[in-house]
Every structure is written in C-alpha cells, then in structure tokens.
Amino acid sequence: MVLTGPSKDNTPMFVKGANFDKYEGQDIVSNASCTTNCLAPLAKVINDNFGIIEGLMTTVHATTATQKTVDGPSHKDWRGGRGASQNIIPSSTGAAKAVGKVLPELNGKLTGMAFRVPTPNVSVVDLTVRLEKAATYEQIKAAVKAAAEGEMKGVLGYTEDDVVSTDFNGEVCTSVFDAKAGIATERQLRETGFLVRQRNRLLQQSTGPDCPHLQIR
1 MVLTGPSKDN
11 TPMFVKGANF
21 DKYEGQDIVS
31 NASCTTNCLA
41 PLAKVINDNF
51 GIIEGLMTTV
61 HATTATQKTV
71 DGPSHKDWRG
81 GRGASQNIIP
91 SSTGAAKAVG
101 KVLPELNGKL
111 TGMAFRVPTP
121 NVSVVDLTVR
131 LEKAATYEQI
141 KAAVKAAAEG
151 EMKGVLGYTE
161 DDVVSTDFNG
171 EVCTSVFDAK
181 AGIATERQLR
191 ETGFLVRQRN
201 RLLQQSTGPD
211 CPHLQIR
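Residues 1 to 217, numbered by the numbering used here, are exactly what the sequence shown covers, in order.
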C-alpha cells in the first residue's frame with residue numbers, strides 16, 4: 001500500500017532520487033508529497049556537490065481538491081477557506097521538513113511555505129540555499145545537468161527552454177530544473193523546479209520511462 005502523502009507516524013517514506021534504494025519490501029509505505037518529490041532530488045544534487053548549510057523553500061502550488069470554490073468554512077485555517085479561483089492563498093507546507101526524513105543529512109536544514117494559486121495543474125518549487133562550498137551558477141547547472149543525464153535520469157529533468165507551467169502537463173519526471181530561472185551569488189543559490197501532480201509520480205514508479213530533456217509543447 002502506498003500513501004500518496006507524507007506519513008505522520010513511523011510509516012517509512014521513500015522518494016525516487018533520494019532514498020528509494022533503502023526500500024526493503026515494506027507492505028505500507030509513503031511516497032511523501034508532490035512537493036517533496038520535486039524538492040528532494042534537487043536538494044540532494046546540490047548538497048552532494050556543494051553542501052547545504054540551510055535553505056528556504058517556497059512552493060507556488062496549483063489548486064488542490066481540498067480548497068473551496070467560493071469562500072467558505074475551513075477546518076484547517078481561515079485562509080484555506082477562501083475561494084480557490086479568486087485568490088493567491090498563503091499556506092503552510094511540511095514538504096521541506098519531509099525532505100529531512102528521506103535525506104537525513106538535510107534534517108533540520110530546510111524550511112518552507114506555500115502559496116496556493118488558481119491554476120489547475122503544475123506547481124513550482126523555489127529553493128534558496130546557503131552553500132558550504134562556493135560555486136558559480138554555471139557549475140551548479142553543470143552538476144544538475146549531469147545528474148539529470150546520469151544517475152537521476154527519469155526522475156530529475158533539466159531544461160534551458162523558455163518554459164511556463166502548462167508546458168509540463170504530462171511530464172513524467174518528478175522534478176524539472178529550469179536553468180534559466182536560477183540566480184547565484186558566491187555562496188547562495190536560488191533555483192527553480194517544476195512539478196506535476198502526485199499521480200504522475202506514481203505512474204513513473206510503475207513504468208520507469210526516461211524523461212526528455214527538451215519539453216514538447
């Protein structure tokens with residue numbers, strides 16, 4: 001049985017591109033959230049190559065099924081009850097903390113928040129980190145591209161196209177690094193990756209297709 005959300009108890013959590021090699025045949029597992037599946041592979045590549053001291057993640061997230069069509073009561077928080085199609089809604093997210101469960105070396109180093117926006121599919125993760133090892137943005141792009149074409153092929157994608165969110169409908173990669181949307185100073189990196197709904201993540205785990213590096217529009 002696969003939980004399509006982060007586990008709140010001791011149910012083991014596995015993410016492709018992060019810790020999937022640790023799976024030992026458990027009957028009940030969590031595949032975390034779509035945001036964690038986007039963030040974890042990118043964070044792993046950056047941490048493995050340059051080291052992450054700390055980081056802040058912001059996800060600009062497509063509308064979800066729990067949101068309201070118009071303003072109404074919400075059991076979770078007041079903002080969550082506001083109409084999904086009329087608002088940009090600040091929200092909490094446990095995705096960054098969940099990364100610490102699948103990548104213990106990053107436990108306690110990442111935090112984050114979310115903005116729910118009125119789009120039907122495809123979300124963005126914006127990650128800003130302080131690095132242990134100084135690096136140029138060209139070096140960072142090269143490391144991500146090498147991973148996308150190597151050990152993370154089919155999980156992590158890389159694009160230098162002038163893409164927007166709808167270009168990723170049907171994307172089979174968990175996360176696609178948008179090379180033109182990143183900024184780096186000597187020891188600080190801001191990078192952007194696109195993600196699609198969790199259903200695509202589960203389909204990929206079943207079929208394992210390679211992902212294209214150039215987006216088909």
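Calculated directly from the structure, the hints in this document are not laboratory data.
Fair warning: there could be bad hints in the mix.
Label pairs and their in silico Cβ distance ranges [claimed, not checked]:
#, residue 1, residue 2, range
1, A146, P90, 20 to 28 Å
2, T111, Q26, 22 to 30 Å
3, T111, G81, 20 to 28 Å
4, D162, D9, 39 to 47 Å
5, T185, I28, 37 to 45 Å
6, G51, Q26, 28 to 36 Å
7, G25, Q86, 19 to 27 Å
8, S91, V164, 19 to 27 Å
9, G72, K133, 44 to 52 Å
10, P73, K180, 36 to 44 Å
11, T185, K8, 15 to 23 Å
12, E24, P73, 40 to 48 Å
13, I88, E160, 37 to 45 Å
Heads up, simulated DSS-like pairs for lysine-lysine below, C-alpha to C-alpha not over 30 Å straight-line [said to hold, decoys possible]:
#, residue 1, residue 2
14, K141, K8
15, K153, K180
16, K22, K141
17, K109, K68
18, K68, K141
19, K145, K68
Glycine included, each C-beta is placed from N, C-alpha and C at the ideal position.
These are the hints, each one checked on the structure:
1. A146 with P90: 20 to 28 Å: Between A146 and P90, where Cβ atoms are some 36 Å apart, the hint is violated.
2. T111 with Q26: 22 to 30 Å: Given about 28 Å between the Cβ atoms, the range holds.
3. T111 with G81: 20 to 28 Å: holds (25 Å)
4. D162 with D9: 39 to 47 Å: holds (43 Å)
5. T185 with I28: 37 to 45 Å: holds (44 Å)
6. G51 with Q26: 28 to 36 Å: Holds: the Cβ-Cβ distance is about 31 Å, inside 28 to 36 Å.
7. G25 with Q86: 19 to 27 Å: violated (47 Å)
8. S91 with V164: 19 to 27 Å: holds (22 Å)
9. G72 with K133: 44 to 52 Å: Hint holds: Cβ distance 49 Å, inside 44 to 52 Å.
10. P73 with K180: 36 to 44 Å: holds (42 Å)
11. T185 with K8: 15 to 23 Å: violated (37 Å)
12. E24 with P73: 40 to 48 Å: With Cβ atoms ~43 Å apart, the hint holds.
13. I88 with E160: 37 to 45 Å: With Cβ atoms ~28 Å apart, the hint is violated.
14. K141 with K8: Given pair K141, K8 is violated - Cα atoms ~34 Å apart, limit 30 Å.
15. K153 with K180: It holds: about 20 Å lies between the C-alpha atoms, which stays within 30 Å.
16. K22 with K141: holds (27 Å)
17. K109 with K68: Roughly 33 Å separates the two Cα atoms, so the pair is violated.
18. K68 with K141: violated (39 Å)
19. K145 with K68: violated (39 Å)
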